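Undergrad: Listed here are the chains, written in short residue letters.
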Amino acid sequence: MTFRNALTLNINGSEHEVFIEPHWTLLDVLRREIGLTGTKENCIEAECGVCTVLLDGKAVCSCILLAMQAAGRSITTIEGLGTPDALDPLQVAFLKHGAVQCGYCIPGMILTAKSFLAEHPGTPTRHEIREAISGTLCRCTGYQKIIDAIADAGAEGAQAAS
Amino acid sequence: MINFQYSRPGDIADAVRQIAADPRAKFIAGGTNILDLMKYDVERPAHLIDISRLPLTGVEETASGGMRIGALVPNSDLSYHPLIEARYPILASAIRAGASQQLRNMASTGGNLLQRTRCLYFYDVATPCNKRAPGSGCSAIDGINRQNAILGTSDACIATHPSDMCVALAVLEAKVHVAGPAGERVIAFEDFHRLPGKTPERDTNLAPNEIITAIELPARGFAKNYTYIKIRDRHSYAFALVSVAAALELEGKTIKEARLALGGVAHKPWRNKEVEATLNGQPATRESFRSAADALLRDAKGFGHNDFKVELARRAVVRALTQAAQGTPQSQSNKKIV
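First to last, the sequence lines map onto chains L and Z.
All residue numbers for the first sequence refer to my numbering, where the first residue is 1 and numbers rise by one.
All residue numbers for the second sequence refer to my numbering, where the first residue is 1 and numbers rise by one.
These are computed hints drawn from the structure, not numbers from a lab.
Please note that the accuracy of each hint is not assured.
[Stated by the list, open to error] Taking lysine-lysine and the DSSO-like style, the derived pairs with C-alpha atoms no more than 30 angstroms apart in a straight line are: (1) 198(Z) with 336(Z); (2) 145(L) with 335(Z); (3) 224(Z) with 335(Z); (4) 175(Z) with 224(Z); (5) 175(Z) with 145(L).
Quantities reported herein were computed from a predicted structural model and do not represent experimental measurements.
Just chain Z, with the same shape it has in the complex (with noise of 0.2 angstroms):
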């Protein structure tokens, strides 16, 4: 790992005026992902601004009757706060499915936002890759792309975004409080991951200079009828190949309200309102979540060796809604799915 400038900032504000002032600097915050992509030689930052003991690590109940989480918050603090579980459990469940014991504990909510995908390209700094090297060209689609997307794709990039946590914030339209220069202001979650088009460089729409305070969650957190299922190559501590947050507002057994997101499909946890508000008003039965899988994947393009993902997130997304309408949400210890 290259050497660097170290400095810790006193507030928010002293990071924001840091990160403007340097263009060669970064945040750290857990490490998780800075840290490892910087031994592989792929981020190479002159300096780290280490932001790991900003006041950010409340988590409290808004006005709203929602939560308001800091972006300090460890993954796994997140994942066992009372609260949460009672009140967001498809938040808790999808946090649980990713990585380790240990990286859970050292990962902040803030960052699980801002980790970059795990494509084998991105990673090998030999190889092409337009995400890493804008214009050098992508070798996921024509190599090995198993762990690669099949929604949203460009000629540019097929990777993915790598979180659990975040396709459970997707579903449950999450808002990101973040800082810079220019003040404060509010990105909904739908707006604050790109498609990668022609500038995959770009997974994000924070700016440069912006940093993440906070996540909001609205007061509706479906924790009657949900699920979170993760299928990988492993039982543990592996990347998503396809996973499904599903949650259902259910009146007897009448589907009143549906939604769905992929992760382990896109360059962002994937929703398609469209395809979801079709389920409105229909019966809770596997030929309604069979027709909206269908809709959901009618677009879905593999690349050779991902081909397989498009059935296998049909799948996915029937079992999910199916565990969801029953009340049944995936366990994260026990990796059976039924």
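Chain L on its own, in the form it takes in the complex (with noise of 0.2 angstroms):
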């Protein structure tokens, strides 16, 4: 028996309409249904942080929320934030620290980070990043070029702010 439900999921900004099954998670129908690939699979149970995406602002794994909840809020990925013109805060300062090197888990990283400023307006300590990103894993760079960019994107957006 197989039940399928139509959804409508509001996506960086724009409707997509869906049809699917209730145990399809929200990292199912982005890449699978979307074509969304920028969001990465890998450990499907929260432990990793690569699915990370934004529910109307926050970071959130999308492997371990069902589509259906995401239903009439407002979904973020990496795709939606900066284009290749006008990049993210965030997209420039880990151009700029060489945060980046196999690159799997940046756009969960950034999304992560993403929400952490957003909710943590000024400059946070290195102490309160490490603890922000540690749901969220990489295992190439040990993380010190990561926490730069991060604090340099803080700092940048302090500055703006004032």
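Could you fit the two chains together into a complex? Lean on the hints.
TA: What follows is the structure, given as structure tokens:
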């Protein structure tokens, strides 16, 4: 027996109609149904954070969120953050600091940082940044340059706001 | 993950009707634990009732000077709520000690209470586990039990409750508001979670057809002298080996009232009011704290891999009471315990 439900998702400011089974996660639907493969798949149990997207502006793991539960809410994936011509300040900072190696964790890492800086405007300490990204694993960089980049983007944001 | 029927009730009464009508149904709110358990085949609900849109997201002051927290308030929102930070910092601190930013954004207040144990064998469906399959036996007692309980265990189960938030709620003596087919009732926090006994499959005294609607905090927040210390295998994003919530009311250097709850050591947040009472009227010194810690852990029993927790818990209690008495609560971003 298969149940299918019609669902409208608001992703990066556009509405998408999908017809899905209730057990499909938002990650399944983003990658397989919509074709937004910037959101990565790995552990599928909210341990690694590579599937992180923003739900109403807040970082969540899309692997452990039923797509049905995202109905009517605003979803932002890495594809919705900046454009090649006008990068998001976090993307600029990651490039400037060389914070990317293999890149697999980076969409999730940038969205994790985006949510954290939006909720904690100002200049967070390195301890605070480390705690904020503790649910998003990077196996290449050793994190130091990622923390540098997030600290830099936070400081830029604080300066722009003042 | 297996397929299931999905429904979204319009109000609390509808949610209660739906769960009462379908014994194969489960509620889903933040989903961070139920979906995990479904992926491991531990839970196989035929029907998920999505309560995440119910209007239970308020954080309000009560007439008696306390706070009422809607069951669907996300853990992160609760932790950063200005009144919670100001009046109940022990709760804000305990929440921040748990999980990751993403999970705190997703997980609900009510769901946090209903987390299942992270015992390795509960998650491994190939092994016996009395909590998952009653009567099958306990694999942890003679197995890898580093994470397991040292207090209040039974021959049937040595699982721990994994929540940090609940350890603070135990100290604050919160009340759990629930609704069911027979109407609403209020459960004292100490009566909400159960010890395993012969029925470890039952984590709580919530009936299967009841729903948590709110958590009520009494007026006393112990905002001056408190701490939440969590000791784990790595600094972030790990369950507690031992955690301690300590709250004191001091008169000068004398303890007027002490409250202590331990996480990571039992099937529920562990309190012992008799031991707490022995601190009342005592000087806030290391000797008093050590004597209370010894009494608190007197009946503790390890199962091999977790033997170390008995001494670790003793020392953590002394450290927590010291931090609370000095008014220097543990930072949850700089994890160094001082």
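Undergrad: So, for every hint listed, does it hold in this structure?
TA: Status of the hints after comparison with the structure:
Note on residue 198(Z) and residue 336(Z): the hinted pairing is violated, with a Cα-Cα distance of about 40 angstroms set against a maximum of 30 angstroms. Note on residue 145(L) and residue 335(Z): the hinted pairing holds, with a Cα-Cα distance of about 21 angstroms set against a maximum of 30 angstroms. Under the criterion of a C-alpha separation no larger than 30 angstroms, the hint pairing residue 224(Z) with residue 335(Z) is consistent with the structure, at around 20 angstroms. Under the criterion of a C-alpha separation no larger than 30 angstroms, the hint pairing residue 175(Z) with residue 224(Z) is consistent with the structure, at around 22 angstroms.
A hinted pair counts as satisfied when its Cα atoms are at most 30 angstroms apart, and residue 175(Z) with residue 145(L) does not qualify at roughly 45 angstroms.
Checked against the numbered hints above, the structure breaks hints 1, 5 and satisfies the rest.
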